[in-house]
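Residue numbers (the working numbering), protein chains in the order written: chain A, 1 to 505; chain B, 1 to 99; chain C, 1 to 630; chain D, 1 to 502; chain E, 1 to 263.
Treat the hints as calculated values from the structure; they're not laboratory data. Check before you lean on any hint, since a few could be wrong.
[What the hints assert, rightly or not] Per label pair, the in silico range of CB-to-CB distance:
#1 Arg129/E to Pro296/A: 22 to 32 Å
#2 Arg129/E to Ile24/A: 39 to 49 Å
#3 Asn381/A to Glu98/E: 28 to 38 Å
#4 Gln200/D to Asn381/A: 46 to 56 Å
#5 Pro296/A to Pro105/E: 27 to 37 Å
#6 Leu140/E to Phe40/A: 28 to 38 Å
#7 Pro105/E to Asn381/A: 51 to 61 Å
#8 Leu6/D to Gly587/C: 42 to 52 Å
#9 Gly587/C to Val284/D: 39 to 49 Å
#10 Arg129/E to Gly587/C: 43 to 53 Å
#11 Phe40/A to Val211/E: 35 to 45 Å
#12 Glu63/A to Pro105/E: 26 to 36 Å
#13 Gln200/D to Pro491/C: 22 to 32 Å
#14 Leu140/E to Pro296/A: 25 to 35 Å
[Said to hold, decoys possible] Reference listing, derived: stretches of chain A covered by chain B, where coverage requires no fewer than 3 residues with Cβ under 8 Å from a Cβ of chain B:
#15 205 to 217
#16 346 to 357
#17 472 to 483
The model shown is predicted, which means the values in this text are computed figures rather than measured ones. For glycine and all other residues, C-beta sits at the position ideal for the given N, C-alpha and C.
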Amino acid sequence: MEFSSPVLNYTLLSPMLILLGGAIIGVLVEAFMSKALRPFTQLSVTLGSLVLALVQVWRIRNEQSLSAAMGSVVIDGPAVLMQASILIISLISVLLIADAEHFTPLAAALPGSDEERHAMQSGNQVTEVYPLTLFAVAGMMLFPVSSDLITLFVALEVLSLPLYLMAGLSRRRRLASQEAALKYFLLGAFSSAFFLFGAAFLYGYSSSITFTGIRNAVVGGGGNDVFLLIGIAFLSVGLLFKVGAVPFHAWSPDVYQGAPTPVTAFMAAATKVAAFGAMLRIYYTVFANAQWSWSPMLTIIAIITMVFGSLVAIAQRDVKRMLAYSSIAHAGFLLTGVIALNKAGLEASLFYLFAYGITTVGAFAIVTLVRDSAGEVTDLNRWKGLGKRSPWVAIAFATFLLSFAGIPLTSGFIGKFSIFSAAYESGARSVVIAGVLSSAIAAFFYIRVIVLMFFTDPVEDGTSVEIPSSLTSITVIFSIIVTIALGVFPAPVLNFISNLATFIR
Amino acid sequence: MDAANYLYLSALLFTIGAVGVVVRRNAIVVFMCVELMLNAANLAFVTFSRINGDLNGQVVAFFTMVVAACEVVVGLAIIVTIYRSRRSASVDDASLLKR
Amino acid sequence: MTTSNSLVYLIALPLLGATILLLAGRRADKWGHILGTLMSASSFAVGLYQLSLMLGRSTEERPVGQKLFEWISVGSFKVDAGLLLDQLSICFVLLITGVGTLIHIYSISYMSHDKDRRRFFAYLNLFIAAMLLLVLGDSYLNLYVGWEGVGLASYLLIGFWNQKPAYATASKKAFVMNRVGDMGLSFAIMIAFATVGTVSFAGIKEQVDQTSTGALTAIGIMLLVAAAGKSAQFPLQAWLGDAMAGPTPVSALIHAATMVTAGVYLITRSNFIFDAAPTAQLLVVIVGAITLLFGALIGTAKDDIKKALAASTMSQIGYMTLAAGLGPVGYAFAIMHLLTHGFFKAGMFLGAGSVMHGMNDQVNMRKYGALRKFMPITFVTFGLGYLAILGVPPFAGFYSKDMIIETAFNAGGIKGILLGSITLLGAGITAFYMTRVMILTFTGTKRWDEDAHPHESPWLMWLPMAILAIGSVSSGFLLSRGDALVNWLHPLFDHHEEHEHHLLEPIVVSGLALTMVAIGVAIAFFKYSRQEVAAIAPENVSVLTKIARQDLMQDRFNEAVFMRPGQQLTQVLVKTDEAVIDGTVRGVGQLAMTSSSLLRGVQSGFVRSYAALIFVGAALLIAGIWVVVQ
Amino acid sequence: MNSLVLLMLLPIIGSIAVAATPKTKEVLSKQVALATSVIVAIATIAMAMNFQRDNVDLQFVEKYSWIPTFGINFSVGVDGLALVLILMSTILAPIVVLSGWNEAHGGRWSVKTFYILILVLETMMIGVFAATDVFLFYVIFEAMLIPVYFLIGGYGTGERSAAAVKFLIYSLFGGLLMLASIIALYVMSGAQGGHTFDLQALSQLEMSSTTQNFLFLGFFIAFAIKAPLWPLHTWLPDAAASATPGTSVLLLGVLDKVGTFGMIRYCLTLFPEASKTFTPLIMVLAVISIVYGAILAIGQKDLKRLIAFTSISHFGFITMGIFAMTSQGHSGATLYMFNHGFSTAALFIVGGWMIARRGSSTIADFGGLQRVTPVMAWSFFLAGMSSLALPGLSSFVSEFLVLVGTFTRYPVHAVIATFGIVLAALYILIPVQKALHGPTTPSNEGLSDLNLREKVAIAPVMAIIIALGFYPSPLLNVINPASAHVIAQMGFTDPAPTNGDK
Amino acid sequence: MLDLAISVGQTQTPEAVLFWVLAPLTVAAALGMLLVKKAVHSAILMASVMVNLAVFYIAQDALFLGIVQIVVYTGAVMMLFLFILMLVGVDSSDSLTETITGLRPIAIVAAVGFGGLMVSLIGRATLGRNAIGLEAANSLGNVQGIAQLLFSRYVWPFEVVSALLITAALGAMVLAHHQSIQVRPTQRQLSTQRFRGKSLANAAGLPAPGVFARHNAVDVPALLPDGTPAANSINATLQARGDMLTSGTFELGKVDTSKGEEK
């Protein structure tokens, strides 16, 4: 057997390569640069890589290739859209991460120890988050464009491992943060075991680990489908875990709450895009012909997820937890896009993911602003009267909440509308009805927060709103603009998506 | 010898691993059980590789081992950190975040 | 039909007066009463002018109409704001504006101490306008506007002194009970439109022949309900007694002479319907008969002079209704009695007002006595009215009431005898209670309160009384001379069944009636003139008297049957709305909250239970597959 | 200027101008807001003059592509029905601004914000009636909730935030059901010749009767919540009791009309068959609303709640008129919408002044106002008379048309509904007696009568109430063709006179 | 039943023997992991499972994986586990009683259901093709075959895995590396500091906890000669945590015997 040297299409892979390269530069910076220079350098490197990658994604927007990396990566319209979404979301998330206030100066120090106190006083920063972020982004970029099970699995881990770590780096409430990391890690590993087991059965079923091979096996039939079904089920467990669908959601409230808020923002928004991106690709291309087998499963899960997320969010007393449950509910809504299994569904999902991601980052950006002397204040009771104290921040947060609730003239509405209509078009009426009803439930708690902010008198307890740093302001303002613009004039974005949203197989 | 027997074994090991994650309290043991599940998956891959007559399955298993190794590093680092803060490796003690 | 452009002024003038007086506010306090009176008088003048024009035309051309503008036009429902002045309406126009003007004049003096006199005149003008619209409207819907308009004016005037809660309540009661009647009118209009397709008098009249008796009966009954409400006929009579809360001129104008007779106008106006709907007509008669006695009986027990007169009004309108229910033969007599009654009852009310004026607004007749000497003019004018209502020849009532009694007897058969007897009996009772009023008020001993200084009223007050007294004396004769009114109205009514068979000769009837009157007077005389009258109403009286004093339990009945259950229903519904309907809504919210709290428990904080959740989820998926594969 | 879009832009421009005024100069903000709303009102009237009355087609049509991907257009246009309602909205707006000159002062936020919200709401009010694209309608329908929500919650009294939330949740729930129906329509349109939201095109869709029934319900429930129809009414009393009078006027006068407007424009047009199927049920609900609302109004102790319940009764009449499917009922219902706007406005505005002066909205706290504040008392009385549909005032014409129109097809319903007019007398006269009549209690002794501004504000309302009572033709002439068109499209003709089947 | 018997001759019977001997052992070891109290025992059992699996790999013509499994997985990864176990405390043992209500029954039901159903499903599976065996694929040698795939077809994931490795290293550094933020004083400096201080009271060292007190636990302060407690005899951390007892109860002659050992 002759060894044929591999051919990689570096142009198409360049966005990911840029990120990985940036990450490695970051690691080197960590190793060799003086502490004082690191924060700025790291930020520049990170932003630079992200922007460069984005430019690169833009340049390859019309490319289509199944063999970008020997068949491991597929680049097509949806891939470009997902990668672009991830990059944009990451960019504005990184602006939040740049605020040193959120991260422990020294992760190795015992919480409450002298060492930690000294580290804080010394103005130390864990600048390692930047390369970690870049690694995660690279993983997320790869996840939805993978076209074989190995790459998919590796990408899953590349995006997960940095997140596990980053979840544990919170400056305040260290114990909770470490706990979040532990939970995220253990459950993540647990679910990836399921994922892998499922992959094994798919391999057994199709005798191939490439998507094309599996798809051909699904189309071609032969034998019975037991292995296929097991494979789909377990692979789905892994994917559904990442998107936070019930009953695989349990990690998300705890992790969202415990992790540093910028990390929460990043993972809530970007991970969702990546995971749903991969799901869309897999279900739309690989399993499309086995729709009969997974559609009922996903339907039930989607319904449970929306209802559960919306319902439980009502009783939450912590902003971040509430947003976590809201994100669970949104995972349910997004699943309807997967169930739809038509072009409209794909377009709608892509739009929804982007819009939701931006809004989510914006919402968490606001959370980072509300603080007292001991750091962020996430107890909703202490958000009372925020509208009085700092109306603009409250208005911004209210806008994000209204978008989550799907009120017209916000991006959330267009997203919801398009995704539900796509699902309806495919005949999945039960999901649409459940979606509509749980939207009503969901509206309840979004409105409750608005009431809290605007219609309740402030309590004087030292809660104050930080004047946002210029970076955070950029994030918030950008998110607001996108949220409103996509609600009022979504046509250009929709058109753009519509032109690109076709999977190649 | 029926190759399916390996699959049965794999399924059993996977199940045992999953149960271990649920019932054991020591974080390290829990994590070991996850490793057991990964191993079970690997066994399935190897078995299917043999059934299918191609080596891709073995390559996956190989990747799994690498990935698992990385996971172990990160995981154990996290566990140690927690242990240092709490002087306890029990996952039940880490339950600040709830409801 | 002849058209005229000036009909609208009849209404517009008083309406203008009302508007000016209301909008001008206190600025108009000085001249408001004069303006009001002038407006009413000029309307009267226009009425007279119209009468002269009408007299100058041939019988067929006498009715004149005026279309003001298209009011409502939707699909086939077309109603113009149109006026119609015919032989019937002109009677009313003159009565309303004439008596109205007199009462305006009277009120200038009567209300001179009231700082809200201007407002009073505004209301009076408003009433005149509305009442004129009522009688001039050329369709039921136009009539309806006037109908409710007079209700509003009545409400405002009854409650003129609404700072007294009782008065305010009385006005509200009047309005609500009137609304019950109005509802009847609404029904009538709706049925008319649904069956006939039009709501104008002329339009319906044209199509009566093509319309089923059932429909006409329904319309007729509903019109009767309306009439009962407005004219205080059984069973909607209860408001009239309380309506005496208003200033006395109001009682004279609205609750004696004009508005309360609107029901009779309505029935007469709708003659073409009732003639074609015998059942409805019979009901009219029955209602009239019952009310006639009902009012009379109440009148015997009342010590409040105005309430006694009000009861009498009710009873007299009962006569009119009864007459109107007798069909073509009775309409004219109903109208005649209406006109004569307008004079004498208005006169008597004004007299009562004059008495009250002199007695510090005391209304209890038991506190009067021997006022003859102190108020001679009042005594005379009141006395003339008294004689008129008794039906003593040749006073007005003799002509009108006897005709009704006669016609009642002529209704034929048992019905005739029954009705005749009732009317006769009514005449007797009327004589009794009116005599009682006379005796208690003007003769006997002084039973005054200590601070009472009775005196004759100023000329502005007695002049109208005098004029009305002249009417009480002469109107009957004038109207019946040569069957003037009957002939005047004749073209309006359908006379296809003119087979008069006299059960009793007219002279016999008159004799009987006078006998009954004499008996009534005698009883009253013996009871009140020969014995000392207690200044405080005795308590040890017969059950009947007690019942009569309480208006024959009418309020008790309404209270027990409508008010109490209504209030309870309201309370229950308010609570139900709160507890059940809103409760359900809140319950749903609560359910969401509760289930939310429960489901939160899933998030126990233990990573192992989260893993268990995932594991169970995966197991369920496998179970699902297993089921599928089976 | 015959552009609806420009008309919609005007208030927005005004709101920007208000936003530009300095926070300290509250009066300036008010003046700008007032000027804007007056200009809008005048512009609307001018437009109405150019409306071709006998043309049943949509007029002043404008259409701009909005979201072509979904076939969504920003398309507006009016028929008689919409024109009348827009007219009502824009006339009410300056009145609300003027009458509520000081009502923003008790609010959570600045006076400026209040007027910005009002003006933004005005744009949406015009838009919601003018929209001819279902999606556009829905967007505005939902978006309107937000300013109202803040108006109630931010400037109201009492349990204002709870009431605002209740209002919002109720409305959102209904709106979401409608959204489901809209999605279904959209999908069906895609299957039958291209995605569109054009009302005209959607009304041509073919669908099974089951589908039609479900979709109808989606729309209808949303509208029934909005135009509170029993038993979906419980948000209204709370909202009205908590909102400022001005807000209540816009809420009950305009926003709730969107419900009844929607029934005609969307339920009947899009789902004629389903409308027929559900008519019996809806008629019963309407009758219940009439009687129930009236009885509950009688039982209320709070003035604002009372007015709210009277409105529930009135909305029952409107709904009944719509579904009676006769030209009288339909025109009457439309006219009723207009008239109710003004009579309720009068009640709320004057009631609001009374409450503001007395510092209490409990009816029993008033008494003898007629003596102390005659002009205010008279205004309230007249408003009350309008509410009980006294002939000669505008509501009478509409109420009677509804009753007559209903009677020809549904005599029993009409008869029961007519009992409402007796109840109406009670629910108006009881507060009139308690508040205006009777002895003046010491605490009411010092109340001041209406000032010039207030007189100027209420005068046009009263003028409209009286003028339209006697001369409704200008409006009816505009309404009739539109109503007749709808009735004809539904395949109904007015029942001919039966002559009692002789 | 899955018909996957590999009909490639000789290895068949020996493989079956091997399987039926080792498989029960493997399952037993795996079950043992769940049942033993001490974490370190679990680790040993885990290692044995891994070794058994390596044998199975080799038996299934996956020679390379078998070796890697032993060398890398068992040899390195498991050692890492053990290493950490030592760090955390080799004696640490779990109580096996379940503290979370209802979890155990759920776990058992789920496990039985999951396992049972899986076995049942695998039993039902058919592939519709024959098992092939790896003779052909391994014809150039197992390692060569894998290398071929790894370095051509799967070069991209192979490269990406490096990112994973860097991440792992970086992560471990972040969580474990103590940067020296302040210079620790040397013994000499400390000593000098003691004698140059304001007082020489502590020059000879601090009293140990419990000295002169009736109790010598670490949280009981020593008593000074005058009977007052010496706060500086207690570890600062304990003080900070508020775990220091008031020594009053343990002063000489003042022992409250009724309280006994209670803290």
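Taking the hints in turn, this is what the structure says about them:
Between arginine 129/E and proline 296/A the beta carbon distance is about 28 Å. The supplied range of 22 to 32 Å therefore holds. With their beta carbons about 44 Å apart, arginine 129/E and isoleucine 24/A fall inside the hinted range of 39 to 49 Å. A hinted range of 28 to 38 Å for the beta carbons of asparagine 381/A and glutamate 98/E is consistent with their spacing of about 35 Å. Our hint of 46 to 56 Å for glutamine 200/D and asparagine 381/A holds, since their Cβ atoms are close to 52 Å apart.
The given range of 27 to 37 Å is respected by proline 296/A and proline 105/E, whose C-beta atoms sit roughly 28 Å from each other. Taking 28 to 38 Å as the suggested C-beta distance range, the pair leucine 140/E and phenylalanine 40/A does not conform, at roughly 53 Å. Look at proline 105/E against asparagine 381/A: about 37 Å separates their beta carbons, and that is not inside 51 to 61 Å. Look at leucine 6/D against glycine 587/C: about 48 Å separates their beta carbons, and that is inside 42 to 52 Å.
At roughly 24 Å, the beta carbons of glycine 587/C and valine 284/D sit outside the given window of 39 to 49 Å. Checked against the hint of 43 to 53 Å, the C-beta distance between arginine 129/E and glycine 587/C comes to roughly 60 Å, which is inconsistent with it. For the pair phenylalanine 40/A and valine 211/E, the beta carbons lie near 54 Å from each other, so the given range of 35 to 45 Å is not met. Hint check: glutamate 63/A to proline 105/E, Cβ distance near 55 Å, so the stated range 26 to 36 Å is violated.
Range check, glutamine 200/D to proline 491/C: about 58 Å between beta-carbon atoms, so the 22 to 32 Å window is missed. Leucine 140/E and proline 296/A have their C-beta atoms about 46 Å apart, which leaves the hinted 25 to 35 Å range violated. Counting residues of the segment 205 to 217 of chain A whose C-beta sits closer than 8 Å to any C-beta of chain B gives 3, which meets the bar of three, so the coverage hint holds. With a threshold of 8 Å between beta carbons, the proposed coverage of the segment 346 to 357 of chain A by chain B is violated, since 0 of its residues qualify and at least three are required.
Counting residues of the segment 472 to 483 of chain A whose beta carbon lies closer than 8 Å to any beta carbon of chain B gives 0, which falls short of the minimum of three for the stated coverage.
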